[in-house]
Amino acid sequence: MNDLPSSQNQATPKPYRELTPIAVILGILIGSLMNAAFVYIALKLGFSLGGSTVAAIIGFGVLKLAVDQSSIIENNINQTIASGVNNASAGVVFTLPALFLMGADFSPTSAILSAIAGTFLGIVIIIPLRKQMIEFERLRFPSGIAVASLLKSPGAGAKQAKLLGLGFVIATLFHVASELSGISDFNLGGLLSIPAYFPIVLGISFASIGAGMLAGGGGLPFVAGGILAWWIISPLVTSLGWLPSAESLGLDLGTQAGKVLELQGQALYKAMLRPLGIGTLIGGAMAGVVASLPALKGALKSLSNAAQTSSGDSPDELDAKALGIAAVSAFLLLFAAAVIASSKMSLAACALIAVVGFVWLILAGLVVAQATGVTDISPLSGMSLIGVTLMYFLSGGDSVVAIILGVAVCVGIGQCADMMSDLKAGHMIGASPRSQQLAQLGFSWVGVPVAVGVLYLLWTPDGGGFGPGATSGLSAPQGDALQGILLGLASGDAPLDKYIVGAVIGLSLGVFPISGLGVLVGLAMYLPFSVTLTYAVGSVIAIGLEKSKGRAWMGSHIVPFAAGLIIGEALTSITAVLIRLATGAS
Amino acid sequence: MSPTQNKLIANLLVVIGVGVCATFGAQLTPKTLQAVTIEQVKKNQESSRLVASELPSIEVEAPVERVKTWWSLSALPFTSGLCLILLGSFWARKLQHDELNREPSEHSDHSTQALKADESLALMIKTLREMDALLAQDDPKQLTVVKQALEKLQIDTIDPFVESREQLKMKLGINHFVEVFGSFSQGERKINRAWAACVDQHFAETKSSIKTALSSIESALALLSNS
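Read top to bottom, the protein sequences are chains A and B. Just so we're aligned, residue 1 is where the first sequence starts under the numbering used here, counting upward by one. Just so we're aligned, residue 1 is where the second sequence starts under the numbering used here, counting upward by one.
The hints are simulated quantities; they were obtained by calculation from the structure and are not laboratory data. Among the hints, a few may not be true.
Some, not all, of what chain A presents toward chain B, calculated at C-beta under 8 Å [claimed, not checked]:
1) V67
2) K131
3) R138
4) L263
5) L273
6) D497
7) I500
8) G502
9) V511
Note that the coordinates shown come from a computational prediction; the quantities given were computed from them, not determined experimentally. Glycine included, C-beta positions come from ideal geometry on N, C-alpha and C.
Just chain B, same shape as in the assembly:
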């Protein structure tokens, strides 16, 4: 079977498992069903055949008793459903793990992805350096140019990089990912701040935000290169 088919079956196992667990988990104990029924009858005026005086009093089942009675009714199907969820989930995890380990040798996509992450960060750095140089001219007219460049950077480079974070996480491992992506996110926020400062025509803030963003993204690239 292909990895896609395996993935589909793993997901299906989880869906069936949740369905079985939730269906049998929803089953009411006889006493609770009776209490719910009486409550519904009391609320409903159309239940004319049972007048209030004919209703039995609601017998509430203590919480722990309720758990025990439910367990005696639904233990087997519920446990089976739980096994399906766990089986499907662990299988899905394994498939994801295999996919990651297989890709560098079998597919060129993943190594390309790693390169792309490097390239994306490098491109961000290049653009930010250009903006930094522009702002060094101390010409407020450049704010419009910078704002447009930041918008282009966001759409063309930052958004795709953010979208690729799951692959990056698998590639780097969670701890290293947190370092790289944390540093990148700090830079991204400063880029957003520079954009806001451009709109507010605040030259000094635009300049300092670009500088801080540049430093954060450079740090992210350095961390990524160390992987």
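Bound-form chain A, shown alone:
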């Protein structure tokens, strides 16, 4: 049924469907289902999956069946809620299992309160940056563009639908081939006998190529950072003899040169580039805050104006007053979680740890949103790791408090990136940011009790629950890794030098007239080079095509095609994981 013009339809036209009960219920249902499934997947495989595309596709079908006049924007609300609810699972499952594995005595209430606080804080702190990141900086958020292309597909025309379909098929075929063959990358350097300290490895990921295509020239600083880290610093550090020698590794350079290079490569990445990259990300984000201050001031002013608006029109954004109330409430929740989690700390110490957690969440959220905005890759685990480390030192070495508050940080920064990506998709289809923000703020927290509940359901302390060697096969690799890091911290092992040095580099790059340069260079150091190089292929293709075909052609051809690549790989990954879990294959 169409909404007819007023002269033909004397009754008041039905309002355009946006934030409707069915969109909310559907979003919560889809999000909760994905959340439970992805907690299980993350315990088994060590990674989680985004669910925006799945939610949008299911939303199309269900909303069309349930409502005769559903809208594109209503489906966007469904997808916003579903991805928010689902996203909470990653933050919980990457951190909380460490407490189970350590056999720690902790209150589940404190974990739930902390995670819910993280959900609210993540959303609240990123909302004032919407204008800066989406409207002024025009960050790409490739997944957001992919979801928008999917939502727009009913009206985008046959040609664009075909391109989206073509991208989908190509990504699916290659991903299926990669899954079946077990080959996840193409080591060109190895084939050409180029030493491993000068890696030329391409990941078989058309989603990464798609993200690079959508970023185009904007992704070049990220690519340059990767080249600098892996093609300049890596050979230099190797030739200067700063890595473990063959002799010290107990290997013979003559006959075991390959193994020596492999171990040196691991040391280079884990002990040098990765922590240095984390530091650079932090410094870059700090510089970003300073550089964005005028625009942030403008954004806060508009939020404040929204609070004072007296017109009958609905304002564009959640107003500053609402955000302030949500932030204060979430902070109090975080404080309560710290008090419940710690039996030894004073109230003042609990307040201090909650304040530092809050401040860290702002910085880390900015890093993750900026990195996701340009590259679609989120350094969530690195930022969470620093969060847990900070909490550990502030709590005087209390692992329970460190992890409980780390849950808030991890959930919160995940929400930052998710909210911003959804707002990007929303901008492209004309959704009201306020409705999206209300939807995510109002319902994402539902994912927290679902994820914590699934963890408790799966846990049995006799070794059958999850953890290394668990009979269930759920090895909980992220939780195990976090436990290892906490044990390392307990012995005083923290690469503070690398974090500080990286932060200084990131801060100094803030002077260069390219916004977010420090974050991009840091991200390139933080990631394995195969990811960066694959992304670079997409960027270079896009730059070449833009030169020869023009920008308009890119918008009408490459955007739907690249979106198809991202959607194809996302859906195939989810299907492959579900098949593997169902068949018990490794």
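Fit chain B to the supplied structure of chain A, relying on the hints for placement.
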């Protein structure tokens, strides 16, 4: 030297600076290198010549000690690299600033750009007014025409305007840019909403979104004209 050559050298200084800083920043202290080595040996079964019992125990260096030792090893090259980054970055900023100040007199491009921004917004307003008039006929068949016109507007006018935002930012200054571009972006989002409403065959929403978009873009043009 030409501005392009200067720009190239400034960028090169930054790249070299980051390379030097990161290379020396990556250097491990002797104790950390030993700890990393032992960890690698323990993980690697092929390190047969060193059995676990022969390995020294891992001596962890306290975080602050690690910073101090690293500083004593790498302070000079790291600081030199940092100076290069700052020198290159400030120079690049200055070049960008000079480019902006030089353009109105030496090149016609920038003033053309300013005109183009005016013209782009004016063109958007013209198209939106035409659509508003079309929709005033209350004929639902016009939704198809409006949808196609919105798609054309997006590709021909809105996208190039968005691409020119950096020049606009330099021309207007950040505060004024935020006002103009914020108002434009609000209009752009309403144009996108009108497109979605067309696809959903929602006449009333299409009409009201076009009206709001028109008002926002007019406001952007007025703000730009005041510069």
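Please list, smallest to largest, the hint numbers that this structure does not respect.
1
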